[in-house]
Amino acid sequence: MNYMRKKYIRSLKESEINFKNLKLLNRSVTEAGRVTPGRLIRTDRRMVDRRAEEEAPKRAPRTLSNAKRQKSIAKAIKIARYLALIPYKK
Amino acid sequence: MTAMQETVREVLRGRHQRDTLVKYEVVLIINPDYSMAQVLEVFQKLESQVQSKHGVMGHSEYWGFRTLAYPIHKRNKAHYVYYIAELNKSWVQELERFLSVELHGGVFRHLILRVNDKSLGTEPTMLRQSSLMDAVNGASKTVSSVS
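Going down the list, the protein sequences come from chains F and D. When we follow the numbering used here, the leftmost residue of the first sequence carries the number 1, and every step to the right adds one. When we follow the numbering used here, the leftmost residue of the second sequence carries the number 91, and every step to the right adds one.
For the record, the hints were derived by calculation from the structure and aren't laboratory data. C-beta: ideal position from N, C-alpha, C; glycine also. Be aware that one or more of the hints could be misleading.
30 Å max Cα-Cα, derived DSS-like pairs, lysine-lysine [as the list claims (entries may be wrong)]:
#1 F:Lys75 to F:Lys89
#2 D:Lys179 to F:Lys68
#3 D:Lys113 to D:Lys164
#4 F:Lys78 to D:Lys167
#5 F:Lys68 to D:Lys164
#6 F:Lys23 to F:Lys68
#7 F:Lys78 to D:Lys164
#8 D:Lys143 to F:Lys23
#9 D:Lys113 to F:Lys78
Derived coverage of chain D by chain F (criterion: at least 3 residues anywhere in the stretch with Cβ under 8 Å from a Cβ of chain F; other residues may be distant) [to be verified]:
#10 159-168
#11 176-188
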């Protein structure tokens with residue numbers, strides 16, 4: 001299954017999944033402009049909120065599950081498409 | 091009465107919802123034929139709307155005269171303005187109506203999004219090119235130097 005290699009995205013903070021983060025969004029989209037499926041997006045497992053770290057340093061770092069992450073990326077892509085920051089189709 | 095008891099009373103009277111301000115971020119896509127002065131006018135109209143409803147304006151940013159990913163109203167570029175406003179929930183619909191009806195020729199698209207992230211207002215966004223006032227002043231400076 002080499003037609004779509006896994007895309008590696010560096011470690012993400014939850015607050016960074018945003019419709020404004022075009023660098024992330026452009027990497028989560030295929031060449032045709034479609035959203036890449038979740039199993040092909042790879043990120044570092046740790047995604048900690050900066051605030052949570054400061055307030056309770058003893059707590060184990062939270063990780064975001066793949067489903068939640070994929071949903072928030074997809075939602076951000078759809079907002080960015082409406083705002084013409086990303087095309088619907090190339 | 092403690093503060094807790096007071097808030098409970100206010101909630102029961104429905105006042106809590108009416109008075110709390112929620113942060114929203116607003117993105118506007120403005121007609122490319124508008125000069126910077128007109129863009130500023132649009133922004134100031136919105137500012138006065140927000141303030142007349144006892145809201146608070148946060149930062150504003152100018153994301154530049156960007157090329158659009160697909161043509162909107164047959165144009166390929168447009169001004170992007172972004173700002174954060176704190177409003178009461180019930181006024182959001184009115185603001186949207188204002189944006190779509192009264193600013194019809196100027197604002198092509200608008201989006202009002204609720205912000206849950208508290209750290210959002212403090213740092214500049216990734217797409218920020220300059221603040222709105224700088225962009226307007228920059229444009230007017232070049233005009234005056236030409237004349």
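Count the residues of the stretch 176-188 of chain D with a beta-carbon closer than 8 Å to any beta-carbon of chain F: does the count reach three? Since 0 is below three, the answer is violated.
Tell me if the straight-line CA distance from Lys75 (chain F) to Lys89 (chain F) falls inside 30 Å. 16 Å, holds
Run the distance test for Lys113 (chain D) versus Lys78 (chain F): straight-line Cα separation, threshold 30 Å. OK: Lys113 (chain D) and Lys78 (chain F) at ~21 Å, within 30 Å.
Run the distance test for Lys23 (chain F) versus Lys68 (chain F): straight-line Cα separation, threshold 30 Å. 19 Å, holds
Count the residues of the stretch 159-168 of chain D with a beta-carbon closer than 8 Å to any beta-carbon of chain F: does the count reach three? holds (count 4)
Given the hint that Lys113 (chain D) pairs with Lys164 (chain D), does the C-alpha gap stay at or below 30 Å? 33 Å, violated
Between Lys78 (chain F) and Lys164 (chain D), does the CA-CA distance stay at or below 30 Å? Holds, at about 21 Å.
For a C-alpha distance cap of 30 Å, please report whether Lys68 (chain F) and Lys164 (chain D) respect it. 37 Å, violated
Decide if the proposed pair is consistent with the structure: Lys143 (chain D) and Lys23 (chain F), CA atoms, cutoff 30 Å inclusive. 36 Å, violated
CA of Lys78 (chain F) to CA of Lys167 (chain D), is that 30 Å or under? Holds: Lys78 (chain F) and Lys167 (chain D) sit about 20 Å apart, inside 30 Å.
Given hint Lys68 (chain F) paired with Lys179 (chain D) - CA-CA distance at most 30 Å: 27 Å, holds
Comparing the model with each numbered hint stated earlier shows that hints 3, 5, 8, 11 do not hold.
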